[in-house]
Every structure is written in C-alpha cells, then in structure tokens.
Amino acid sequence: MSSFLFVTNAADASPEALAVTAKSLRRLGFTRRPWYLTNGPAPLQQLAGRRISLGDDASAEWVVFVAAGDVVERDSLHIATTIGAGVDVLYGDTRHAIKRDDPLPTFQRRPSFSPERLRSHDYIGEFIMARRSVVNAAGGLELLANAGSHDRNLRLTEKARQVFRSPVIFNVTPNPNLLPVADQVAVAAHLQRTGIDATAILDPATPTVRVERTLKQQPKVSVIIPTRGSSAEVRGATFPLVVNAVRTLIERSTYQNLEFIVVADTPTPPEVRAELARIGRDRLLIVDYDKAFNFAVKNNIGVAHSTGEFILLLNDDAEIISPDALATMLAIFEDGKVGIVGPMLYFEDGTIQSAGHVFTPDPTDMYRSQPADTRGAHNYVRVQREASSVIAACLLTSRAVFDAVGGLSTQFPSNWNDIDFALKVQQAGYTVIFTPHAKFFHFESKTRVALRIETEVAKLGGRWGDILDDDPFFNPRLQRFINVWRSDFHTERSYEDALGPTAPISSK
Amino acid sequence: MISPRDDHEVQRLLAQWKQIDDEAGRAATARRHRVLQASGRPVDEYKFREKPNDWVHRDWMRPIRFVYRNIPQGVRLQVKKRLAK
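Chains A and B, in that order, are what the protein sequence lines are. The letter at position 435 of the first sequence is residue 556 when you use the working numbering, and the numbering goes up by one with no holes. The letter at position 50 of the second sequence is residue 87 when you use the working numbering, and the numbering goes up by one with no holes.
The calculated DSS-like cross-link candidates involving lysine-lysine, where the alpha carbons are at most 30 Å apart (straight line), are:
1) A/LYS280 x A/LYS337
2) A/LYS144 x B/LYS117
3) B/LYS55 x A/LYS580
None of these hints come from the bench; they were simulated from the model.
Please construct the entire structure, taking both the sequences and the accompanying hints into account.
In structure tokens form, the structure reads like this:
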C-alpha cells in the first residue's frame with residue numbers, strides 16, 4: 122500500500138487557505154496524513170487537526186506537492202497506488218472552484234508529458250506527485266518545497282524514469298484560471314543541468330521562455346518541392362508558385378547551405394523550368410515526374426535524388442517569412458531525439474494556417490484561420506512543444522530518420538501521408554516538435570476541405586487508430602468540445618469560443 | 038544544375054523505403070491490435086467517429102438537457118463537478 126506525504130509552501134498563505142487544504146487532507150480517509158509545511162504560521166497543529174501529523178515522513182512512497190488553498194481529490198491517490206512501478210512522476214487535471222457567475226473556465230485539461238513544452242512554460246502547474254526517491258534525487262524535500270512550480274517540475278521530471286499524465290481531476294484550486302508561469306532562471310538552470318547547449322530567452326508579455334539551441338554545424342539541407350508549375354495570384358500579383366518558393370528561400374533565408382530538388386509534373390511550363398534553372402543555378406535539380414499524382418511518391422523521388430543531411434519537404438505554395446526559420450528549425454535537431462520539426466504556417470492574409478496538428482480523431486490544423494496574434498489556450502500557440510504531427514507543407518527531418526522509417530508511405534497518395542510519417546517517426550523513438558519561432562506562408566485556399574477517402578481512413582486507422590482516438594498531446598476529455606468547434610468551422614469560431622479562453626487544455 | 042542520381046539507385050532506394058514502410062505499418066497494426074485487445078475492444082476496420090464522445094447532442098438527451106439548463110445554478114454546478122471526475 123502506497124503512503125503519501127503532502128507538501129505545501131505556506132509562505133504568503135492565509136490561515137484560511139491552509140485550513141481548506143488541511144480539511145481536504147482529513148477527508149481523504151481515516152489514515153493519518155503527514156503534511157510538510159514550509160514557512161508556515163503558528164499554531165499549525167491546531168489548524169491541521171488530529172488526523173494530520175505535521176513534519177516529514179521519510180517512509181512515504183509518494184510526495185504530493187499541493188498549493189495552499191487547494192483541495193486534494195482522492196482519485197489522485199488511488200491512481201498513484203495503482204500506477205506501474207516504472208512511473209516516478211504523476212500529474213492530472215485541475216478544476217477551478219469558481220464562483221457561480223464567473224465566466225472563467227472550470228477545468229484545466231493537460232496533455233501527456235511534453236518536455237519541450239515544459240521548458241517553454243509550466244503547463245503542469247502546482248499539483249504534482251513524485252516518488253520519494255525522485256524527490257531526494259532532484260534536490261530534496263526542502264529545496265523543492267521552497268522552489269517555484271516551474272523549477273520544481275523541471276527538476277522532478279529530469280530525474281523521473283517515466284512521467285505519467287492521467288486525464289482525471291487531481292486537485293481543485295480556488296485560484297482564477299491563471300496562465301502557466303514561465304521562469305527563465307529555472308529553465309536556464311535546467312539547461313545547464315541537462316547539458317543542453319541553448320539560451321533561455323524570456324518573453325515576459327506572454328509569458329513564455331524560448332529555448333534557443335546553438336546550431337553547432339552547418340549541414341546541407343535538401344529542399345524537396347513537388348510541383349506542376351502552377352501560377353496563382355498572391356498579394357495582387359500572379360506568378361509561378363514554385364519559382365516564388367525557391368526565390369524567397371534564396372533571398373530571405375539566413376541559412377544558405379541548401380540544394381533544391383524540384384519534382385515537376387510533365388505539364389510544368391518550360392518558362393517555369395527555365396526560371397527555376399536561372400535562380401537555382403548549380404544548387405537546383407529538376408526531376409521529371411510523369412506518373413499519376415501521388416504526393417508521397419513525388420517527395421520520395423525528390424529525396425532519393427538529394428544529397429543533404431537534412432530534408433525540408435516544402436509545398437510549392439509556401440514562402441519563408443522569418444529569415445532565421447531554417448536555422449531555428451535545424452538547431453532543434455541538436456537534441457538527438459528529435460525526428461521532425463514543423464514551423465508556424467500562415468495564410469496569405471496573415472491568419473494561421475497550421476500551428477501543428479491535433480487528432481480529434483480526424484487530424485486537424487490547430488488554430489486554423491485565427492488571427493496571427495492568437496496566443497491560444499494557455500499560450501499554446503506561442504510555445505515550442507511536442508505535437509503528434511505537423512503538416513508536410515513545410516517539414517524538416519533528417520535523412521537518417523527519413524531512411525529509418527521508409528520515407529512517406531506511398532499507401533497515402535494524397536491525404537495523411539504526413540500524419541503517417543510523423544507517427545512512424547514517433548514509433549521509431551523520435552519526437553515531433555512544432556515551433557512558433559520559425560514562420561512560413563502557406564498559400565493554401567482557406568476554403569479547401571480535404572477530400573476524405575474511406576479506404577485511406579481505414580488504412581490510417583488500421584495503423585494508428587488508437588492514437589487518433591486519444592491524441593497524447595491533447596486530452597480525451599476535450600474531444601467532444603472539438604466537435605462543437607468543428608461543426609461551426611467556416612465561421613469565426615475558435616477553440617476559445619468553443620472551450621473558453623484556456624482551451625484546449627482547459628474547458629468550460 | 039545538380040546532376041540527377043542514377044535511376045537504378047533511385048529505384049533501389051524507393052524499393053528499400055517501401056519495404057521499411059511495410060514493416061513499420063505491420064508493427065503499427067500489431068501494436069494497435071494489442072492495445073485494442075488489452076482494453077477489450079473489437080479489432081475491426083477503422084472509421085472516424087463522426088461525433089466523437091458527443092453524447093450531449095443526441096436526440097434522447099434533449100429533454101434532459103432542457104431540465105439541466107433550467108435547474109438552479111448551484112445544483113447544475115454540483116452535477117458538473119460529479120460528471121467531471
């Protein structure tokens with residue numbers, strides 16, 4: 122039977138708030154509960170009551186960090202007692218004890234463990250459970266009890282063998298729905314402890330911490346662009362999209378160790394080919410493609426002709442915005458576990474085209490059609506984070522990863538080859554990262570609705586159905602709310618409208 | 038211009054990737070079957086649920102929703118708390 126030690130930092134806490142937490146501990150059952158309070162007011166024992174023993178308990182298997190004023194839900198203890206021996210750190214969802222007329226969301230629904238996101242901000246919050254051995258390894262009870270939540274959660278997760286998220290209410294907080302905190306000093310110390318060569322830059326307005334990794338080498342990047350050489354009107358001018366994609370990369374990108382492999386359908390106009398050859402010079406190859414349309418095959422052929430250590434899959438209707446986009450994306454690969462990096466994509470009018478995917482279970486672009494300055498629920502759009510998938514309109518991967526998973530699956534000629542690719546990459550043990558710090562345009566039609574082919578749904582679901590039904594970087598409790606949003610897709614409604622200002626990790 | 042790679046080499050790479058993709062697909066399918074079997078769900082052809090977990094908007098819920106919306110707010114909040122567990 123697991124035993125629990127509850128830990129609260131009582132600095133600045135009112136006796137009333139401590140009394141609420143003490144009452145919730147007494148209500149957890151007849152077992153005597155040890156409660157470790159730092160900076161607590163006197164007389165504490167009178168406040169705690171007889172069924173609570175104040176002080177440390179070295180024999181406790183789990184340490185539960187709980188903020189003063191929070192109520193501990195019994196389910197959290199039950200889950201800890203039944204969880205596998207390999208799990209060292211556990212967190213769940215939070216309910217806000219709001220007033221009746223308060224328009225704020227009631228719940229914080231959290232995604233499963235997302236270490237890159239945790240470096241950006243403390244999405245886990247104050248309530249976290251950790252095995253005593255991990256608490257000791259992470260600096261000890263006193264240090265963690267006095268640390269801020271971002272610092273504490275970074276330290277605990279560094280030492281954990283496995284971190285587990287349970288989509289169940291673990292605590293009830295009287296606090297209004299606060300944005301996740303971001304502690305730049307804590308992140309900088311974390312980077313030093315874990316040997317990540319990066320700079321932690323605070324954006325105090327959001328607040329988030331940008332972890333900017335140091336790009337140590339300048340590997341060659343092969344840009345693979347499948348095209349038909351079509352022209353379109355963009356910003357009032359009509360031009361061949363593929364020419365614009367190549368030209369803007371050459372003119373704007375600060376990273377120039379590039380080669381371009383353009384896989385051109387037979388109808389591609391000769392003047393487009395000539396213009397590509399002119400601007401690409403000795404860095405460009407045009408590969409002819411005369412078979413039936415298959416996006417995956419076209420990209421694979423392009424990669425087969427390329428020589429770069431990294432591969433940027435780029436649609437011909439894309440255009441680089443931030444000059445350091447490629448350098449930013451490449452630097453993320455300094456973490457050897459990263460398999461794919463996807464940037465923030467915008468429509469021509471500046472609204473968001475994709476901020477990564479979420480499975481609902483239908484793969485969906487996050488925050489599609491929302492204004493460029495959208496922060497998203499809990500600053501979701503502003504943080505570099507793990508995602509289950511990113512759109513292949515602009516996707517950077519390494520040749521080693523591409524080879525290891527067999528490239529894009531030719532079983533998906535039009536839809537979802539990027540979803541399948543991202544999930545294969547994760548199956549092989551790599552992560553997929555979305556970064557808002559690299560920006561591209563994607564001039565896709567706003568009203569385009571992908572044609573759903575049932576045989577492709579069956580194929581995708583046959584491989585990944587369980588993951589589509591429960592996206593690890595989303596929360597199963599939010600899926601029905603997504604439906605509300607999707608049903609009103611073509612209007613201005615957003616996740617916020619459907620779920621409240623803290624969606625998707627919170628809901629009304 | 039970059040010189041194109043030899044066509045035989047390209048075809049060899051494409052065939053190699055196809056084989057690896059098939060293996061990855063088989064591993065993924067086997068993993069999904071294990072997950073479904075472990076949770077007691079049937080292993081059948083996958084289809085997107087048109088309305089995932091959307092029990093709230095089913096027709097038979099309409100009178101219940103009407104009652105729920107018209108009960109005192111405090112009671113409604115208690116119901117929400119219970120359902121949220």
